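Number of protein chains: 2
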Amino acid sequence: MFIKSLTTAAFLLSSGVVLADPLPSWNAGQSKSAVIDFVNAVTDPASDSYVTPADRIAVFDNDGTLWAEQPVYFQIAFAVDQVAKRAEADPAILTSDALKAAAEGDVEGILASGKEGLLEVLATAHAGMSVSEFKQNVADWLDEARHPTTGRRYDEMIYQPMLELLSYLRDEGFATYIVSGGGIDFIRVFSEDAYGIDVNQVVGSSLVSEYVVGDAGPALMKMPDLFFNDDKAGKPVAINHHIGKRPILAGGNSDGDFEMLEWTTSGEGPGLALYVHHTDAEREWAYDREGHIGVLNRGLDEGPDRGWVFADMATDWSTIFPATVE
Amino acid sequence: MFIKSLTTAAFLLSSGVVLADPLPSWNAGQSKSAVIDFVNAVTDPASDSYVTPADRIAVFDNDGTLWAEQPVYFQIAFAVDQVAKRAEADPAILTSDALKAAAEGDVEGILASGKEGLLEVLATAHAGMSVSEFKQNVADWLDEARHPTTGRRYDEMIYQPMLELLSYLRDEGFATYIVSGGGIDFIRVFSEDAYGIDVNQVVGSSLVSEYVVGDAGPALMKMPDLFFNDDKAGKPVAINHHIGKRPILAGGNSDGDFEMLEWTTSGEGPGLALYVHHTDAEREWAYDREGHIGVLNRGLDEGPDRGWVFADMATDWSTIFPATVE
Ligand SMILES: [Ca+2]
Ligand SMILES: [Ca+2]
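The listed protein sequences correspond, in order, to chains F and P.
Take the UniProt record's numbering: the last position of the first sequence gets the number 326, and nothing is skipped along the way.
Take the UniProt record's numbering: the last position of the second sequence gets the number 326, and nothing is skipped along the way.
Here chain F stands alone, though its shape is the one from the complex (with noise of 0.2 Å):
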């Protein structure tokens, strides 16, 4: 156990130097051998792996990948907040069994009336608004909301192991995106101070905006129609789009990931693809092939054959969520 921690916490080279663990949340293992011996080989100008640093791409899913996505993805719970806060200034807004469902913070209901009640009460809290007043308004609700089950902030729902390996990709030269099914707008607002990720490396879904030229100026309003889906095929083409170059390393937890792995992992040079596999009941949720979020089946099928490396958090991660400032 002595051993293992001095291993875990150092690693002496054989110049004698004795550098700090980039990765202290990670257990000694074959999924942490896996990452660092990548970074090793890509960023060493003498190996045949090596990639200039302009090239060294990390993209990285965000629901169940960088932050937790249970009991509900938490811009859903952020949709339904937003709908209750309003139906208390407005009750006439309930138009529909979803939106009575969400005013009554009632996921199921929403769920129960199908897709249409989803995009429902999607739309009325990310539509029919400026982009900055929406900015302003998942601001707000980061300061008021809390999780269900843990009490934190949500944006302390984030992976501690995942933030190390963000900085340590950075120390190496790595550029970090997010590439996420989730909203582009919404992840914005905390991508720099929860994972220090700029804004302009987000990649996310997103409706379609409109410039209008209103009497106090220009505004970008968003509308309820979907401009794109960040998901599966959608992914690669969105990091063609948006970064114009294919990364070498990529980070995923659900078969919505699949696509980008694989993309990532097609290239001439090295490419490596990581998936996050909730394993953890205790500390976090243990779920893959069941249920309506994060469905993981295609990757726990392909990706060993694949050599894709899977972070199993019970056995691999030491700690889950960072210590929280409170």
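Quick caveat, the hints were computed from the structure, so don't treat them as lab data.
Certain hints may be false.
Unchecked claim - DMTMM-like cross-link-like pairs, simulated, lysine to aspartate or glutamate; straight-line CA separation at most 25 Å:
1. F:245 x P:288
2. P:232 x F:90
3. F:85 x F:225
4. F:232 x F:301
5. F:245 x P:48
6. P:245 x P:97
7. P:245 x F:155
8. P:245 x F:210
9. F:245 x P:210
10. P:115 x P:288
11. F:135 x F:171
This structure is a prediction, so every number in the text was calculated from the model and none was measured.
With the hints as your guide, set chain P with the ligands onto chain F.
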């Protein structure tokens, strides 16, 4: 004259330190002073107009702003040459008057077929191949093609004063983006070498692309349908989508840039709008209100009252194109 050269070439600071002129190809005058005064104000921590480096976003149109666009948009010249090249191998592809005109290099003939004919020529050159095949075609074309009147490579038809402005802004902590009506995949082929602008800082129009897994692995295929038209009111929308912040400096040359310049100068903080005005029929071209390329009407009508800066190519620029390597 001697004194003018001296003041243009170097600034004598009160400390006695002589700094090189950051914009040597700009003649002394209102436009140059307006740009330098703005940059000094937003980078001086003691100034009311100070802007933190993370918010120093500058955006530039490409055609007619960073490189020339006469006698025809260079991307159309590319498309015409591509059709001609493919028709040599397979004349059967010339199934319409527009394509036949393209194969003969007859741009007037293409335009005579209307918008539909032009789109057909563009689709032939831009769709039905992977993004990487397309980029290789553009790179090959840039190596072979020469501008009809100057004999230069097309990527050497760039404006020396604007190259200096891009470098100056980056030296002063700005991020410099291209926001062009031209194709994003097209511009990314030369943005780094021509302008020092990384591919992830190129925003442009685009076709729909699809992720397709074939025998040779996955590829991003370019489809004939338009995904986004990055022109006029589309420019602020694309800026929000790709960059996520409002710029504080924008440069353009036509009414297609009006909304981008308006958006840039409508923020709470400082904002500078710069129009490149094509006034030099001898060294470049002289055009604004008339024609079908780079039409500038509203900008000329409203820009001066809005405090926008006009770079008069004939009087403000001592050099137009950089010295060629050949
Ligand atoms: Ca996910
Ligand atoms: Ca232009």
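The hints, checked one at a time:
{"no.": "1", "hint": "F:245 x P:288", "in the structure": "36 Å, violated"}
{"no.": "2", "hint": "P:232 x F:90", "in the structure": "37 Å, violated"}
{"no.": "3", "hint": "F:85 x F:225", "in the structure": "23 Å, holds"}
{"no.": "4", "hint": "F:232 x F:301", "in the structure": "16 Å, holds"}
{"no.": "5", "hint": "F:245 x P:48", "in the structure": "39 Å, violated"}
{"no.": "6", "hint": "P:245 x P:97", "in the structure": "45 Å, violated"}
{"no.": "7", "hint": "P:245 x F:155", "in the structure": "21 Å, holds"}
{"no.": "8", "hint": "P:245 x F:210", "in the structure": "16 Å, holds"}
{"no.": "9", "hint": "F:245 x P:210", "in the structure": "16 Å, holds"}
{"no.": "10", "hint": "P:115 x P:288", "in the structure": "22 Å, holds"}
{"no.": "11", "hint": "F:135 x F:171", "in the structure": "29 Å, violated"}
When held up to the earlier numbered hints, the structure conflicts with 1, 2, 5, 6, 11 and fits the remainder.
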